[in-house]
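Respectively, the protein sequence lines represent chains A and B.
Letter by letter, the first sequence follows residues 1 to 433 in full-length UniProt numbering.
Letter by letter, the second sequence follows residues 1 to 320 in full-length UniProt numbering.
Because the hints were derived from the structure by calculation, they are not lab data.
For clarity, every value in this text was computed on a predicted model and none was experimentally measured.
Cut-off 25 Å, straight-line C-alpha distance, at most; resulting in silico cross-link-like pairs (BS3-like, lysine-lysine): (1) A/Lys146 to A/Lys103; (2) B/Lys84 to B/Lys72; (3) B/Lys26 to B/Lys72; (4) B/Lys213 to B/Lys294; (5) B/Lys200 to A/Lys361; (6) B/Lys59 to A/Lys301; (7) B/Lys26 to B/Lys84; (8) B/Lys200 to A/Lys301; (9) B/Lys294 to B/Lys3.
Example chain B residues on the side facing chain A (calculated, C-beta under 8 Å, incomplete): (10) Asn18; (11) Phe20; (12) Gly34; (13) Lys59; (14) Leu60; (15) Phe79; (16) His129; (17) Phe159; (18) Met161; (19) Asp262; (20) Ala285.
Using N, Cα and C, we set each Cβ at its ideal position, and we do this for glycine too.
Each chain is listed here by its residues.
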Amino acid sequence: MDHRRSSTTSSFDASVSRHGRASSQTLLSEDSQALFEGSGESAQSPNDLGQGRGSIIDRIEDIVESMVDSLGENQPLTLPLRSRRSGNEYAVSFPSTTANGVKKFTSLLQILFLCHEALVSGTIITKRNIYYQNPELFGSQDYVNKLVDDVAFTLGVGRNELNIVAASKGLVVGQPFGTEHGDEVVVVPPAEAVVDLDLRPIEWILVVEKEATFRSLVSLRYHEVSRSGRGILMTAKGYPDLASRQFLHRIHSTWPQIPIYALVDFDPDGVSILRTYKHGSQGMRHEERITVPGLLWLGVKNSDLLELQMRLRPAAPSEPSNGGGESQSTLASSQSSNARSSETLARYLPNSTRRHEAGWKLLSLSCRDRAKAIRLLSTLSDQYHQDADEMELASELQLMLMLNMKFEIQAVDRAENMAYWLDERLSRISAWV
Amino acid sequence: MSKQYLTAHTVDNAHIANIFAIAATKTAVLSASGSSCINVHATNKEAYPLVQSISNAHKLGCHHLAVSRDGKVAASIGFAGELKTWKVSDTGSGDWEPYVDVANGGETNGEAWALALSEDGSVLATTTHSGRVNVWRLRDGSSQLAQQFEPGSMVTSAFGMSIDISHDGKYTATGHENGAVYIYNNETGRIVYQLPGLAKPVRAVAFSPAGTKLAAAGDSMTIELYDLQFGEHVAQFTGHAAWIMSIDWSDTGEYLLSGAYDGKAKVWSIDKQACVATHSETEQALLSVKWLPKTGMNEMFCTAGANKSLTFYREATGTA
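One chain only, chain B, in its complex shape (with noise of 0.2 Å):
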């Protein structure tokens, strides 16, 4: 049995440059691109209009860029490796602003990478190019760095390319450049897996909803699918024929989305193991893929990359 989605929408040139990253609240898509500013277009209105520019967020632009699920709390990383964070105005606007400041834990700059929030926005987690993680707590008015890890001295070129973490915000997962996965108690500071590798730079990680599974994607053009009870390996996805740059879980856990570096968005089906729908708009780059919150009856994805633009797709009703 395959799904179907239909394009629901595309906002041509949301950007002038290409969007790096896009994060999701229940009304609105937020995204980074390689200009200075940060979009939020709305998903509760008509045509998906503009109703946000946050300008001069990142000078150099922004490649990472995420949303707790809560929608109250986004953070993101610049291009000279400077991280900010903002949160829905209080006045009601729903406007974004500035949040707290998160020094950057004595990183040099350009060193913050991929990044990561918890449900409340409370948990912040960042990768850096020496693969380090750093966590910070989050609370009005002030950042506290509460863990610190590394991956270990046997590890070489550990860029840190991908992070995640739990819904209840006590795991965080890396994804490494060297195709190594570790999954890290936030509590304890522990490793509490190290995953077996893909063997080639892993661009996404992402945790099940439940926190049951890990799926890791990336040059390998797999999907490996990881339970979280004892850290095996339980399924591979392929299919894919590009570098896997982003991968998001649906809302219930029943769905994996994907999308690579030749355009191509796929849908995953964990129960089946398979894929059950493949979607094209564009040949160039996707480089982020996300599940929009269920708001109403039908499922609804939002694809991102170098073609500048913003493609909204809903599950088509009355598929069999």
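Here chain A stands alone, though its shape is the one from the complex (with noise of 0.2 Å):
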């Protein structure tokens, strides 16, 4: 027991003083802007909740400087608890007299060290995530759920605004999931599930950003009936919570032959939560298990804007084509095929039906966007060895600048659209992996 406290409370400590008032305002006004911009889809996004995280952080940190403060009068330790029966506040104490006594301590602790690392990161943690922290200890997940209840209460706060949810917010498909024939949607269960989860006949995972997209996808059958094989389908919806994170990861790491393939939008967001999959987010790069460094971004790019805009051209004129090295003998179009491909591209000029065609969206970028991705750009341009992943990423955020557009998925009615580009995309993809 007593080994068991001194780790925790240093761990606490530790991260006290490493994220101690200054450091947090910083990474609140920064990092964890990312989560509140990103999320307006999702319902339990934290856009939702704490208007007064600041205040919940300075209240967990005011509870561990008067312990602090005890240490040094040598008083015993105490933690303030209000009972959601009676209303009325208790101290839990260490020294304790009874064991009990010590883990409730202990898991006190335990608990808002996460909330506190939750908060101050901007992340969003389950109230499964803190049972695996540290199961011996806790003994039961209802144990952990009653005392964040309480947690919450002594607080005068609710559960979400300590960054705590119930359950992940990812949902995932295939047949590894519910049913026999998995097609049922369940949401992301524990990393720690990942074992017990047959893999084998799992040719490929999508990930996708958007919970619309994902629910067409799923209609669809699309992870049953793809050219590419039996696959899972997951989304997050949106920026990607702990729990999501960390079951992709031991999936990966459990499976690493299977290919992962990110779907988002071709946005700041969309390159965002990409690289939140990827690399995890800044507040939270000393969390180890959480990324997916192998993910493979399938889309959208900038090179599908070309391809939606050659879609779009006539099929009929073509034009004297000089390819590659060729060139030296290229002669030009002549003044007759002009008139031609202008005749026909009347037709086919791009009109805003045609633009939804295969389920996107072409939209100016926000000053909001246009922020977002300089901001971004500076983060990867900071690094000082960019991998070949963060100059894409770079790339792709320079030419979304340049274009000022940006390029959503959107939920469509025609979704075989989508299923058609995804073959197509995977075939292409898999064959060059």
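Dock the two chains into a complex; use the hints.
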């Protein structure tokens, strides 16, 4: 017990000094903005939560500070806790005369630590996450659930305001999950459950940014009918929560031969979400086992923009093609071919409906988008040794800014187009990989 | 009649990232890319060697670059919105070095977008995200904000995507995301023309050398030609099948060069109002195309973009 206590407290102390007030402000202002901004569509986004996040952080830090004071004065350490039944506040102290008391104290400290970390880094954790941080200590999920609610009650805030949610917001569908047919959408299971999954029949995993896209692919049963074989579809509804990332990480480390693809919007949030899956959010750099560096970026990229344009162009008039090195002998297109193509072009010029054809939507960047893209770009250029992945991200962001356009994946009625596009893209990328 | 151009040379991987802008002097092509440096390739030497690389010019990369026609002053804008000016060294080395500081006119960072320089480099004009235009006078050692144009309150989403200054420095033209094209008088600060727009983003505007015409192009995939005496729309060039990212007039004003997002470059005869040459060295986007100032017998032009290379073309001799 003693050993456990000291290790927990010291890690908490370390974290407080690491994220001390000054640094937590910085993190709040820069990093967690990503989370705040991008999660508009998720029901459990931090957006809806804590306006008083800063003050909750302060209060947790105050509690710890007072314990540090107690240590200095050689007094017992106490944590305030308000009973939800009676509403009375009592102190959970250490040392304690009972083993239960020690367990409660240690558990509370750990929960406060995790809340603090989640709040400072702007991430969301599940009660399940907390339990798995130290199953030996907590003993049961129920025990965690109860204490988490007690902590929220003590601080006088909703549980969500502690950035703790009941379960992952991630959804997943595929044969290894749910029913025997595997066509039932389930909540992303805890990472620890991955060992029990049989992914042998699975050829690919596709993580999509938006729930709407996910739903339309599910309705097509794309995970079963894809030309690339059986797959798993997953979404974390925007910026991924910790549980979804842990789950994906675990899958990737257990079944490294299964490629994991990401389908995100061609906009700053899409790029940022991709980065979060791949490399984690900056506030969680110290967290291991939550990133998937091998995640493959399927799209949408600027090259897809070009393809869309090409699809919209006339099929008939083929210009004298002068591919590659043969251009020495290339002649110009004649005036007559010009006239012809202009005629046909008029028929094929993109109009608003055509732009939606494949389920895409082309939009101008907003000021916020531009600011965000520039911010992302500067975090990418901060790295001393940009790897190929990051160069690609930077390049896509720059083109996005240059074009001043973003390209969103829409919830389409004609999801077949999306499936067709995915078939094509998956076969191309797997051939390349 | 068509014209024939040959690939004279390609500088492969002139940059490690997409080349967003090139600018030509009589002896060199300056190029700016998604990397932090501005490169200078000599055009008067065999194989177009890299003669200078201005490292750390723009930390996040550079999207717009212009050089004065006299080849003495250059200006560039980086992705963080920072505006820098450059001049050819007085030492005679031919190297480029930092010129005057230009305060961003109170713009917040990231606002300065496209830019243009007058013939002698004494006037610099930039657009902003909000559509405002800033005009500076550059003199030795100092810069002065001379004019600020607002496109007017009725215009929404008027991001200034492209800009040009007439050769005599008297007029500024801007092309906007909403398709609007404006021409301002740099002396009076008034709008001279608000030209019938293209209804889609205008990614390039260019005054003819004599200052009598303006060409505008962009996502409409067409080039629109305006006469500036009365502000009339006089011609439309169709044939590109992708967004037009860049246009440039030849020295004589006889030809227009255009580069599109599908990698195709076209040369248009103003006289014939027709495309006289099409080149597609690459299927990757062309982001900047420029004629080289005429120094020899033959016209030359250079294209650059997402294939990170500089491709030089020379007019074939002996064509009918």
